[in-house]
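J.: So the chains spell out like this:
There are 2 protein chains.
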Amino acid sequence: MAHLPTRSFQAYQVFAANTNVGKTILSTGLVRAAAALSIGADKKKTKAFYVKPVQTGYPVDCDARHVKTYAPLVETSRLYAYPDPVSPHIATSEPPPDTEVLQATINSIRTFKQSLGQTDKGWALLETAGGVNSPIMSGELQSKFYRPLRLPTVLIGDSHLGGISTTLTSYESLHQYGYDIPALMLFDNKSRNHQFLERYLAKAENRPLIHVLPSPPEKLADLKADAEQLHEYYRKTEDYFKDVVQELDKAHHSRLDRLEELADKARTSIWWPFTQHQTVKEVTVIDSAYGDIMTTYVDPKEKAATGANGNQEGTWKEMFDGCASWWTQGLGHGSPALTQSAAYASGRYGHVMFPECAHEPAVKLAETLLDTVGQDWASRVFFSDNGSTAIEVALKMALKASQDRYANLGQATGRVEVIGVDGGYHGDTIGAMNACSPNAYNAQVTWYKSHGHWFSPPTVLFKDSQFQIMIPAEMTNSKEPMKITTDNLSSVFTKPAANDPRLEIYRSHIRETLTRLTQQEKRSFGAVLMEPVLMGAGGMIWVDPAFQRCLVEEVRAFKGFGTETSPSKNAHVPVKNNWKGLPVVFDEVFSGCWRLGRKSAADMLQVTPDIAAYAKLLTGGLITLATTLTTDAVFNNFLSETKTDALLHGHSYTAHPIGCAVANTSLRTYRQMESHGDADQARQDWGAQPYGNLGVWSLWDQKVVDKISRMDIVEGVVPLGSVLAIQMRETNGPSGYASLLSQQVQRRLREKEHEDSEMEVAVFGRPLGNVVYMIASQVSTREQLAKVENILLRTLEGKL
Amino acid sequence: MAHLPTRSFQAYQVFAANTNVGKTILSTGLVRAAAALSIGADKKKTKAFYVKPVQTGYPVDCDARHVKTYAPLVETSRLYAYPDPVSPHIATSEPPPDTEVLQATINSIRTFKQSLGQTDKGWALLETAGGVNSPIMSGELQSKFYRPLRLPTVLIGDSHLGGISTTLTSYESLHQYGYDIPALMLFDNKSRNHQFLERYLAKAENRPLIHVLPSPPEKLADLKADAEQLHEYYRKTEDYFKDVVQELDKAHHSRLDRLEELADKARTSIWWPFTQHQTVKEVTVIDSAYGDIMTTYVDPKEKAATGANGNQEGTWKEMFDGCASWWTQGLGHGSPALTQSAAYASGRYGHVMFPECAHEPAVKLAETLLDTVGQDWASRVFFSDNGSTAIEVALKMALKASQDRYANLGQATGRVEVIGVDGGYHGDTIGAMNACSPNAYNAQVTWYKSHGHWFSPPTVLFKDSQFQIMIPAEMTNSKEPMKITTDNLSSVFTKPAANDPRLEIYRSHIRETLTRLTQQEKRSFGAVLMEPVLMGAGGMIWVDPAFQRCLVEEVRAFKGFGTETSPSKNAHVPVKNNWKGLPVVFDEVFSGCWRLGRKSAADMLQVTPDIAAYAKLLTGGLITLATTLTTDAVFNNFLSETKTDALLHGHSYTAHPIGCAVANTSLRTYRQMESHGDADQARQDWGAQPYGNLGVWSLWDQKVVDKISRMDIVEGVVPLGSVLAIQMRETNGPSGYASLLSQQVQRRLREKEHEDSEMEVAVFGRPLGNVVYMIASQVSTREQLAKVENILLRTLEGKL
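Protein chains in written order, with our numbering: chain A, 1 to 800; chain B, 1 to 800.
Calculated from the structure, these hints are not laboratory results.
Treat the hints loosely; a few may be bogus.
Computed cross-link-like contacts, PhoX-like style, restricted to lysine-lysine with a CA-CA straight-line distance of at most 25 Å [stated by the list, open to error]:
1) B:K301 <-> A:K364
2) A:K643 <-> B:K281
3) A:K643 <-> B:K522
4) B:K265 <-> A:K281
5) A:K265 <-> B:K522
6) A:K203 <-> A:K113
7) B:K522 <-> A:K203
8) A:K643 <-> B:K203
9) A:K580 <-> A:K495
10) A:K265 <-> B:K643
11) A:K364 <-> B:K250
12) B:K643 <-> A:K449
13) A:K449 <-> B:K113
14) A:K364 <-> B:K449
15) B:K364 <-> A:K301
16) A:K580 <-> A:K707
17) B:K449 <-> A:K449
18) A:K479 <-> A:K463
19) A:K250 <-> B:K250
20) B:K113 <-> B:K45
21) B:K449 <-> A:K522
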């Protein structure tokens, strides 16, 4: 893909509201005017290009020939042609692949662009076939097919009776696919549709300029006479078309102006999260995004500021979204399916009240969650807005439930605390921070107070083609950490055999610690809180699954928290559903919803929590929404006749229908992908069993990961599901969160420009201390990932 | 408005993808089949009704006559007819008002429904004119015009070449207006569009069943022969149409089944916020919402459970959204403008990365906020997800800035605290809770700790036609509170004259308190935090603006916090922009963005804060998004060469493009409404000056509010902008947040059913202790509010 427009090169696509509304005539007039016109301040002559990617009814019909006939100055191209005058999806039984057709289209425009002299101006027009949502050969709708280019669109309106509707529905469809529509052209006739459209669209945001043109002459039977009258029509209407070209020129430069102002405007008005503004260098200007790709614009000033070559033209850079836009991406940017879910929910409800109310998207989402990530353990869903609030809710659920139990047992407690894992991260609201060990994030917050005990975890890394489990020295009372290795990914997750030395080490360390905390230090605890398997923001720390399993089991068996058979305040809570020891809270904000390949990290641990939080991938990467799931036992603890015994927590937009609808579509898609075996090849490559059996795999290529694991500058790799985290070996400079090594690698990944070669792609990553990570979306293709792997490998090898 | 479908009564609308696609023929076939058919398990005969609300080309064209001719069993109706065979917006120069046309349409169907016998089944079809987005007489698009009914839609597809596009764009438009489309009908012809559509829509959610019908015969010149062949066509195709009617019947009952299951499903799977589940009675099932109205469905079981009459039919209840869906509503539910903004942003970006990035919706929103609510004081915008996170961000900004200043001055501080107002509420995350005085919300939270001093505020209420300012006894060292009255709303906000006794009372009380806190109690403070003007969740407490103004001024003048000229850590911070005393944080989550009539409550106080938080109305009521604005002085405090000096706070979906785009549309609309003088009548009624001058008013009718203020059961009223809060006089039972009086009034407001009379409406309110409040949206019409005022008055008078 490539975004082509620059200051001196404009490209447009023509879409029509219907067939037979004058698309070719108006396209011809436009490109003819562009070729005849000197546009821009310097009055340079413009060279014009017309491409018809798909032509049916050929050679009787040939729009490119029509253009060549009536606009001989224009260079034309026709790419795919079929004799049958029908829709392209019917015209051939052997459709070329979409990627091929799109690449051919891009190449035709690019070739024209490259043919231009240094001082030439170029103007290209792509004429689509049929209407906005007419299919291309493969059956894909043109609206979606051309979306990766996101060319500014000239919409040809329908001037006939009824044409207001087809014009506006086409406009609305293009709009929801994310196109900009600088011009709407239509003929003047007795329906006077243009008058209505002008009035109606005057209220719209980003409204197109409406251009009304004289109707073309009625077709004559005599071909020569017909041609002559058409020549005459184009001559007579030339000024109308020149106006359109001039207006498009204005819109084009205004768009580039806005893009070139954006970085500076952001620098002076925005306070970015987690950003030291004093050290910000290049600001990435994102024009749009589609699938895995973010289309960014590098303006000349920015390029100069970063010391790049002094080319005065802005350039486009298409970047693989390697940080999954802060770990949110699931189904690709600009997903039409998600957009349509969102739009329907917005149209049907907007946002509606939730407490004591029910609406279909929320109830359906609750049921789907209970049937997937909550299967076999959860029965209630609480909605909030982001991972941090979902954890605050989880803490409120757990801590009150525990306190009530202590009270029932007659045990007075002060403020109860959590038991967690050192290096964990649960969000930036202060309650969630207080449930983390002291770290770089919370050190600056005056109200932060560590309310817990944090176990130092044994960790796993893939290094030198082996999975290495490192057990901290303190657990074995030795000077050096203990190392255990295995060469199969899934076996890291297999429950250890009874004679595995880890079990005794972990269990006795946990037991001794719990006894010390409760008996010697007299501390009271109300919850266990952890990110199962992978601690994300703490630095992509892969915790030995066996340790987390032991921690949960030991807490559940520990007698010092009150016995597991104690009834809760409400006698009707069945004991079998009651939590044992302490409520176990899993923070699956990062790991949940198929991030690591399986529906939840709990599923990989083979442990069910009492409470768990989900966000990020929940909505496929579109919009913020979070949920906290729990059991009846925890829920019932808040029941009474008194309002103030309820969980008095809520956010205004709780369970907003857009978020719920989009989450339903996302979960449905993830489940379908799983049952369709989309990851079967990856499973096989990583030695995991096919769908239906336990198994763990990575979406990243096994051979590439293996190679990285053997590099000297690499401490080890974490390859789990869509996550590939590379811990760099810091040889000098600050370590941990303050490390700059990852930042340097990320900068090199970003620098690579795409237009040099079709096989390459720049990669947008985000530094995380000494960790370089790439997170794919759930729908990234192998072809796409191979490009990223290639550039990543070459960067790490120092070849880029 | 009225939703009409019940188990025994079905109603549909027919929309077409274009003109001339067979809409009337297919409508005739459908309604003819319905009349001939016994549908449902009990095989009762069905009576059918056809209505054509708008007919052009009459009487030459008359679709109702066509129906009557070929389906004589069907009752037909034609409402508005015009001779010119053109689009309705051209056919008449004197268009009837939309409300009249819609009401006539509803009445025609309702009259038919009422004519049915107890055991009859009814089936009604509404045929629209032209295509989906064709205009009605006023120029409003039919898609929007008919939306309040949200009838299930039969979409007539376009079978011609190119018809795939017009059919799918029409489908997408209907979908984004929130319509359900159970059936898509089209003719079989050589384009075979139906084959493609079947394949394509198989992937869609809520996909329509596609019905293919034989094409009708070509029109004959001989009228009699033409009629005969049409009769023959309808006879021959009867079974096709019966199939469609049967499938629609299934979809109809499945829809009602789902609605009737929804309450129970919610009861067993959802954990509602702020809800004591043990005392939940009726669950409100929300089918959809539009404008101010939520369309709810009361199923027979629910009605029986609440002791209502034992009617076995479910009923629809249309309710005014009197709690503005938890204070979010600004531009009405299901707003097409907001939907289109959201859909465009989703199609263009999805969500994209924000730190060190720039995208147009976010930058535009930042600039708009700085130009409106942030005008003259703010220069930086930080994005988060909800009011609570926006406050946590504000606190982190303020407290670190203050601590740094103390450190620069060589003053060691422990944990710094906030100065606030008793009764304030700032959200449910624990950091925000800790910035509130102890209350019913935070009492149950084990990690809650009050980090502040809370002033008891003087308050304002409108009682007995006067605005009464009550000054707490502790401020005047007397036994009784002091009362000051005025009879003009705006004058409550006027800066008091120098000899106003309040000034000395407030100032000396504040000064003495600050001195005691800092000198005697040795406490350190880092921020002032308050909801300016109106403390919402704390019970709609209207604080005397003069007091809040004095509090800010005294804090800014107080020397005990470090001098106002002290430089911050970064010497380049201009002193003139530096905060004085302590950073002043305004929580405008509830009061901001025109809620109280003006852009911000700060604007009403005539005080600029150093930091302020906005959410709720920011997105017009569609989706969750929050912002925290601040000054360069506060921002600069986080600048250094060290990453960990930055504000290390962020959420994954920070500045999500959908939220930003929708907020831009909302702010643009609010500003336009203001400059267009939409509230001028309300201003005048409340004695405020027109736009451009200071002034305060209520959207609620002055006479009605006056009447309520004089009721014995009313303690006083707060009429500010869109908010009308009535503090009830609790004669017995618990008071404050635990009070049930408001709940009783709200229940009565909800019970009133709408179908009894067109002039009435049920009102969905939400109890808040002893306060009954109504919050209008910013676009509620006077007519709509008059209905609500009527039922509210009569309820308070005990007449309902």
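J.: Each hint: holds or not?
T.: Going through the hints against the structure:
1. A distance of roughly 21 Å separates the Cα atoms of B:K301 and A:K364; the hinted pair therefore holds under the 25 Å criterion.
2. The hinted pair formed by A:K643 and B:K281 meets the criterion: a straight-line CA distance of about 13 Å does not exceed 25 Å.
3. Restraint check for A:K643 and B:K522: the C-alpha separation of about 38 Å exceeds 25 Å, so the hint is violated.
4. With a CA separation close to 52 Å, the supplied pair B:K265 and A:K281 exceeds the 25 Å bound.
5. A C-alpha spacing of about 44 Å is found between A:K265 and B:K522, which places the hinted pair above 25 Å, so the restraint is violated.
6. In summary, the hint linking A:K203 to A:K113 is not supported, as the alpha carbons are separated by about 37 Å, beyond the 25 Å threshold.
7. At roughly 59 Å between alpha-carbon atoms, B:K522 and A:K203 are farther apart than 25 Å, so this suggested pair is violated.
8. The hinted pair formed by A:K643 and B:K203 fails the criterion: a straight-line CA distance of about 45 Å is larger than 25 Å.
9. Straight-line distance between C-alpha atoms of A:K580 and A:K495 comes to about 21 Å, which keeps the hinted pair within the 25 Å bound.
10. A threshold of 25 Å between alpha carbons decides the hint, and for A:K265 with B:K643 the separation of about 22 Å falls inside it, so the pair holds.
11. Between A:K364 and B:K250 the CA atoms are separated by roughly 20 Å; this keeps the pair inside 25 Å, and the hint holds.
12. Proximity of B:K643 to A:K449 is assessed by CA-CA distance (about 21 Å); at most 25 Å being required, the pair is judged to hold.
13. Taken as a hint, the A:K449 and B:K113 pair is broken in the structure, with Cα atoms around 66 Å apart against an allowance of 25 Å.
14. As the CA atoms of A:K364 and B:K449 are separated by approximately 37 Å, the hinted pair breaks the 25 Å bound.
15. At most 25 Å may separate the alpha-carbon atoms for a hinted pair to count; B:K364 and A:K301 meet this at roughly 21 Å.
16. About 45 Å separates the Cα atoms of A:K580 and A:K707, which puts this hinted pair outside 25 Å; it is violated.
17. In summary, the hint linking B:K449 to A:K449 is supported, as the alpha carbons are separated by about 11 Å, within the 25 Å threshold.
18. A distance of roughly 22 Å separates the Cα atoms of A:K479 and A:K463; the hinted pair therefore holds under the 25 Å criterion.
19. For the hint pairing A:K250 with B:K250, the CA-to-CA distance comes to about 54 Å; that exceeds 25 Å, so the pair is violated.
20. Between B:K113 and B:K45 the alpha-carbon distance is near 15 Å, which keeps this suggested pair within the 25 Å criterion.
21. Proximity of B:K449 to A:K522 is assessed by CA-CA distance (about 21 Å); at most 25 Å being required, the pair is judged to hold.
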